[in-house]
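Engineer: Chains A and B, in that order, give the protein sequences.
What the first sequence shows, in the working numbering, is residues 1 to 323, in sequence order.
What the second sequence shows, in the working numbering, is residues 1 to 325, in sequence order.
Just so you know, the hints here were simulated from the structure itself, not pulled from any lab data.
Idealized CB from N, CA, C, for every residue including glycine.
One thing to keep in mind: the hints can contain errors.
In the DSS-like style, the derived pairs of lysine-lysine whose C-alpha atoms are separated by at most 25 Å in a straight line are [unchecked claim]:
1. K274(A) to K140(A)
2. K300(A) to K246(A)
3. K274(A) to K35(B)
4. K140(A) to K121(A)
5. K35(B) to K246(A)
6. K42(A) to K300(A)
Away from chain B, derived, C-beta distances all over 12 Å, residues of chain A [unchecked claim]:
7. A162
8. I200
9. N204
10. A248
11. Y314
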Amino acid sequence: MKKFLSVLLSATMVLSLAACGGSKPAAEAEGEGGQDAAAEEKLTLGFIVGSREHVFYNLIEEGILNASEELGFRAIVLDGELDSNVTSDHINNLVAQGVDAIALSCNDPGGTTPAMEAADKEGIPVFTFDCTSEVTDVVKCFVGTDNVEGGRLGGQETIRLAEAGQTVGIINFDEPQSCIDRRAGWEEVVKASDKKLNMIDIGNYEGDAAKAEQLMSDALSANNNDIAVVFAVGDPAATGALAAIKAAGASTEIIGFDGNPEAKAAILDAENGKYWVSEISQNPVEIGKQISQNMMDYLKNGSVAQAEIMIAPYIITKENAAE
Amino acid sequence: MEKLKAWLKKNMVIVFLIGLCIGFGVTTDTFFTTKNVMNLTSQMAINALLATGLTYVIILGGIDISVGSVAALAGVFSAMVGLLFPEMSVFMSIIILVVSALIIGGVCGFFNGIMITKFKVVPMITTLATMTIARGATYIITGGTAVFGLPSQFSWLGAGRLLTTDSHPNGIIPIITLFTVIVVALMHVLLSQTVFGRHVYATGSNLQVAHLSGINTNRVIMKSHILCSIMAALGGVLVASKLQNGQPGACEGYEMYAIASTVLGGTSLSGGSGSVGRAMFGVAIIAVINNGMNLLSISSYWQKVVIGSIILLAVIFDMAQKKKA
Numbered sequence: 001m002k003k004f005l006s007v008l009l010s011a012t013m014v015l016s017l018a019a020c021g022g023s024k025p026a027a028e029a030e031g032e033g034g035q036d037a038a039a040e041e042k043l044t045l046g047f048i049v050g051s052r053e054h055v056f057y058n059l060i061e062e063g064i065l066n067a068s069e070e071l072g073f074r075a076i077v078l079d080g081e082l083d084s085n086v087t088s089d090h091i092n093n094l095v096a097q098g099v100d101a102i103a104l105s106c107n108d109p110g111g112t113t114p115a116m117e118a119a120d121k122e123g124i125p126v127f128t129f130d131c132t133s134e135v136t137d138v139v140k141c142f143v144g145t146d147n148v149e150g151g152r153l154g155g156q157e158t159i160r161l162a163e164a165g166q167t168v169g170i171i172n173f174d175e176p177q178s179c180i181d182r183r184a185g186w187e188e189v190v191k192a193s194d195k196k197l198n199m200i201d202i203g204n205y206e207g208d209a210a211k212a213e214q215l216m217s218d219a220l221s222a223n224n225n226d227i228a229v230v231f232a233v234g235d236p237a238a239t240g241a242l243a244a245i246k247a248a249g250a251s252t253e254i255i256g257f258d259g260n261p262e263a264k265a266a267i268l269d270a271e272n273g274k275y276w277v278s279e280i281s282q283n284p285v286e287i288g289k290q291i292s293q294n295m296m297d298y299l300k301n302g303s304v305a306q307a308e309i310m311i312a313p314y315i316i317t318k319e320n321a322a323e
Numbered sequence: 001m002e003k004l005k006a007w008l009k010k011n012m013v014i015v016f017l018i019g020l021c022i023g024f025g026v027t028t029d030t031f032f033t034t035k036n037v038m039n040l041t042s043q044m045a046i047n048a049l050l051a052t053g054l055t056y057v058i059i060l061g062g063i064d065i066s067v068g069s070v071a072a073l074a075g076v077f078s079a080m081v082g083l084l085f086p087e088m089s090v091f092m093s094i095i096i097l098v099v100s101a102l103i104i105g106g107v108c109g110f111f112n113g114i115m116i117t118k119f120k121v122v123p124m125i126t127t128l129a130t131m132t133i134a135r136g137a138t139y140i141i142t143g144g145t146a147v148f149g150l151p152s153q154f155s156w157l158g159a160g161r162l163l164t165t166d167s168h169p170n171g172i173i174p175i176i177t178l179f180t181v182i183v184v185a186l187m188h189v190l191l192s193q194t195v196f197g198r199h200v201y202a203t204g205s206n207l208q209v210a211h212l213s214g215i216n217t218n219r220v221i222m223k224s225h226i227l228c229s230i231m232a233a234l235g236g237v238l239v240a241s242k243l244q245n246g247q248p249g250a251c252e253g254y255e256m257y258a259i260a261s262t263v264l265g266g267t268s269l270s271g272g273s274g275s276v277g278r279a280m281f282g283v284a285i286i287a288v289i290n291n292g293m294n295l296l297s298i299s300s301y302w303q304k305v306v307i308g309s310i311i312l313l314a315v316i317f318d319m320a321q322k323k324k325a
């Protein structure tokens, strides 16, 4: 038993070492030869993504890392864990490290504003991406997705897929501002439609695909499978809805939101593509690229061309899903 | 009359469940449809498995809050294994799911058991650590992305249904329900009819006395934790099968519902008493409340408040009954 234990413990240690080793190159992407003098003149930019547990932020990180090679800066990317306390600590640490500029996804403006203002006072310009803060004016530039516009696109797709008088539903996520905006955009467009669609609220899926599956199957029972189209404010919700629709033998069509790889695969799949027909996609790689570009511009010229840059979401269907 | 009263007092949870069903049956016209009842049983399955395993460790006077994370880890693991066999048969998919659950559940349960019995770390802290480690491992092996692209055979166990008729082209009885009923029944018998089951109760009632009367209490604790994690892992692979998709964020917070169900079913958090069968009434109550409120389109915020209040009321009532008795 003791022998086994020591093997287990050392395996754990090796694994954790490997894990640390694995994350380092991603966190600090330096150009080749980070030691030489030329590299030291490089600007260092600090980034705090909302959470490394979301593909969306991982793709933003990819955009940042691509830009760091193209534009020649050193990028430090940190995980804010969707927690304003963690994010604030990261901001303070970046200031202490003496970075040239900081960009963060400001998921909880109230909680991170003091740290942002403190960084600004230290003379380090602060930028935001994905989510921004309305409560402070220190933000030099914000790059994000126009989620209301994304919701509107979802609404247009709903109207395109449904016939007059049919029932259409929405699976919400009531907490994140981005999802609240998507819902608002969807409702605005669907309400205004002259098809007189019967709108139902399927519920709050709280980011859990299994919960979305349950909500969808209950909504299908309550409506005798008579739901023509469902708009999911995130891809996990669409994944859950897909399972529920197939199990219920309904023919509801799904419009997802995010543009994750599993959405594209489902749309292209012969079986799943019968239900999951449309997807509103964000462009996270572009967000990462644009925020990096604007930080560099600001550091060079002392100003940015535009204080707010909204990257428009776009529609993915069978025709363009393979791209 | 006295007998009836005594029975009612003892089985308040059953009376409450029936009352709930009648209430939702009256207020909605879909609650008692075959389709909804079958949905309801399939929605109960995951929590039923989690609560079954938890009953064992709670009777021991312990706790396991890692079940949600272990479920998620097993789910993505089975999905990743499934990706290696794109041509799998239905039979093969069941093997993949069950073996994945046994491996992940076995490893996590063994780890919990070792920490508790050898290193004497309290169960709350041990399983808190396992919860965090397993969730982290889930994100490491998936890179934060859903594991997708599985063949439809993979979802037979979690989403398939038996007995297709003209009015129910997709079948009536969810396979996930049958599977869960069999597993839960076996676990119920193991706890109530075997020597091992007796040892679990004895160890939970009084560790010292059990030890002195010759029971290898460490082995009982170890076995129970392995069983608990395997049940959680089975729940997790069923979620992956149901969604035909391995979700790294799956089953977050499910431990709380599972603990609540177990307690609602009368299992005492101080250990020594409880039953798998009765925990199922707790599972049913939570599922019926969720399902009924969804049918009535009640906001999820209110659902949380209602479920929390019912758990509290049930426990207070239960304590009052025990004091009287």
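Engineer: Checking each numbered hint in turn, tell me which of them this model violates, lowest number first.
Structural biologist: Going through the list in order, the structure violates hints 1, 2, 8, 9, 10 and respects the others.
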